[in-house]
Amino acid sequence: MKNLYYKLKISHKLMLICFAFALPIAMLLHFLTNNYIKNIQFTLNENKGNAVLVPLINFISNAQIIYSNTYSCSSVINSNYEVQGSAIPIAKDLEELSRLYEILNSSIKKLDTDSIFAKNSWNELISEFRNANRDKIESSVLRNLRETISFNRQIADDYCLILDPDLDSYYTINICLLLLPELSYAIFNAIQIYESQTPHLKDTLSPKDDLLLKASTLIISNYLNKIEHSLNVALKADELFYNKNEFLQEILPQEYKKFDTELREFVNSLLENKDRVFFDSYTLKKYNEEKAGVYKSLQNFWLSSSLTLESLLSARIKYYKTQMKIALSLSFAALLIAILLVFLISKRISSPLKFSTQLASLIASGNIYEATMNIENPPHFLKKLIQCYSEEKHKFKDEIIKLICSMKTMSINLDSLLKQAQKSGDNISDSAARISISTHELEFNAAEQAALANQVNATAKEVSKTAQDLALTMTYLTKMAGKSAKVAKSALSSISNIKSTMKFISDNSKNIDNKLIKISEKTSSINQVITTITKVASQTNLLSLNAAIEAEKAGKFGAGFAVVAIEIRRLADQSALATLEIEGLINEMQNAVRDGAASVSKFAEQTDSSTKETVKISTELISFLEQSAEIEPKIAGVNNSMQIQSEFAYQIKEAIEQLYKSAAQTRDALSELNSSAEKLNDTVEELNSEMEKFRISES
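In the working numbering, the protein residues as written are 2 to 700.
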């Protein structure tokens, strides 16, 4: 769909737009014509319902007239009075009534509504007329009048007459279908009440009949007032709908005036003669003539109202058809005018657009010179428009002419631009060649500079690394010198402690030697004590032996002494043994003390010798430590110098690296510049080749 749209010309698109705008108008026209058609069909439907009224009015009216002329006041018992009428209906009137019934029946068959009960009532009425039964005919006529009223209401409902939209026809329908049937029934009923006492030869009406007669006359008067009101409203409203109607404005008011006059005079005569109901021949003839005149006036007015309604409905149908024709004619005329305008406007649009398209094609193909010449010499129909636009730009609103003038300016400017671009291309080509040569030389120099910078960078890295290693070594030496100073200081205090300790050991070793000598002396004294204990134990043993001998001598009396002697001897033996052991231990201890004393003496001698050596070493160490304390600040100074030198070496290395990077970047930039120069040269060549496609005016 999208591709199809772009395949269409502007004129075709404008026609599509026209059809798009015409579509809703056509839809509105469709709804408008549908509305007119519905109104016409509605009115035709009303007219169809109204068509049955004429035969119905004729049938009912003639039935009433026949009954009135034939059977009213006919059965008079007293022969002194001459009575008009006959017991058998006139054959001619009966044939006319039958003919009217056939017409009515055929009219009803054409309708969608079929009132079987009403048809039976009308058929029954004819049968009663044929049978000449006065009482049954009277009831049949009354029933037919009631059925006519019901049938009229049914017609009004089924054919939407009751929904008529116009006031003039609505009130005419009210007169024709509703009020006149009711009035006809009221007239017939009043006449029947008035004539009810005639067969009984009475001069006056009974009070009941008198009251009924007055009520009937009031009803008749009320219906006449309603009819007059409806007629007046219809006359006033007639001016508002489809011009004035001749039937409604002239014929119907005349018929009503005649009918109203005759009916009111007849009703008044009934009221005036109610006390003289018994008729003579002259009075009866006059009464029948007046009654027949009322029925005839009723029939004429009823028929006139039906014809007026038909005229109003026909005028409405004619109006709607005329309006529909006007709407269709105007719509088709507007559509033709719109198509013509679209054609003319599309031509006015498509021709300049076609010229603009040709210019754009020439410019697109590069033929700027021909495009400029075409704009300078446009077609005749555009020349004046372009001239008007040049003179009154602020007033000119046509976008296509503005586009053509803008394309003219564009082609001139483009021609100038291309000329300048051609010159600039030549200049750029020369400049690009010179730039290419210069960049090649600069690139070569930059490459050499980068190589030298790379060598210097490598040397600087080695120097920086060596300086860093030396700085680390000096830092380590400084730390070790500090530690050595601390160790030396600790050693001085340790040496002092060693001297004190050696002196303390020497003094204690001498004391130990003296104490060991004293221990040796004491152990000698212990040996003497042990010797004494040994002797005592020997004597105790001898004493125990002697006691045992004495106890043996004593016999049983010395048994306890024998036991004690034995125990003492045992203890003495044990003491001797212990003494021997102690003596052995003391001997061993004396040997050990002697060995310890010898060792302590030897240790004391060695300690004295070591103390002297320690004092000598301490003196030398103090001298060394003092010299070491002087070296530490010097090493720290050298370390600081080396750190500064290392930092300088690192900075030199960084600077050389930056120099190397700059040289490399310069080399790369020059390489890119050289590449750009080559591309520029290629671009200039392409530009020149593209410029050759354009045809411009010669400078």
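If you're looking for bench data, these hints aren't it; they were derived computationally from the structure.
Glycine residues also receive a C-beta, built at the ideal position from the N, C-alpha and C atoms.
One or more hints might be untrue.
[To be verified] Quick list of in silico lysine-lysine cross-link-like pairs, DSSO-like style, CA-CA up to 30 Å:
#1 348 / 245
#2 484 / 286
#3 215 / 286
#4 237 / 297
#5 480 / 511
[As the list claims (entries may be wrong)] Just the calculated beta-carbon pair ranges, DEER-fashion:
#6 502 / 543: 37 to 47 Å
#7 287 / 42: 47 to 57 Å
#8 327 / 293: 45 to 55 Å
Indices of hints not satisfied (ascending): Structure breaks hints 1, 2, 5 and 6.
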